[in-house]
Amino acid sequence: MYRGGPGMLAWALHRITGVAVLLFLLLHIVETSMILYGPEAYQKALALYKQPWFKPFEFLLVAAVVYHAGNGLVVLVLDLFPYATRWYRTLFWVGAAVYALVMVPVAVVMLRPLFVH
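Residues 1 to 117 (this note's numbering) are what the sequence shown spells out, left to right.
Please keep in mind that the hints were generated in silico from the structure rather than gathered at the bench. Remember, predicted model here, so these are calculated numbers, not experimental data. Careful, some of the hints might be misleading.
As the list claims (entries may be wrong) - Pairwise CB distance ranges (calculated):
1. 41 <-> 83: 52 to 58 Å
2. 84 <-> 108: 16 to 22 Å
3. 40 <-> 100: 39 to 45 Å
4. 46 <-> 101: 29 to 35 Å
Even glycine gets a Cβ: it sits at the ideal position worked out from N, Cα and C.
All chains, full assembly: derive it from the sequences and hints.
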């Protein structure tokens, strides 16, 4: 029986982040189309993004895009160089470390307004 592992985790996260980014794009299209109802309606829609409670969602969107792009590059490397699959587990953990190193400062910068008054 298959018990998962880094490959399964990467696959699942890639699908989840892909759907999350797609849902944001659909929301963004709806929000942008509010301009058709006038500047007031559009400004009201934009004001939603400026609310403090929206910051964590904004961070999660960036985190999803960064993960999805990074894992997409790993998939590209594995497709172009099939022999690299021998090092997939190592490649996964190196990618996870790079992701953490990138996202920690991003979290500090993006979420700081929630904690600094």
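Structure-based check of each hint:
no., hint, in the structure
1, 41 <-> 83: 52 to 58 Å, "55 Å, holds"
2, 84 <-> 108: 16 to 22 Å, "33 Å, violated"
3, 40 <-> 100: 39 to 45 Å, "43 Å, holds"
4, 46 <-> 101: 29 to 35 Å, "32 Å, holds"
Of the numbered hints listed earlier, the single one contradicted by the structure is hint 2.
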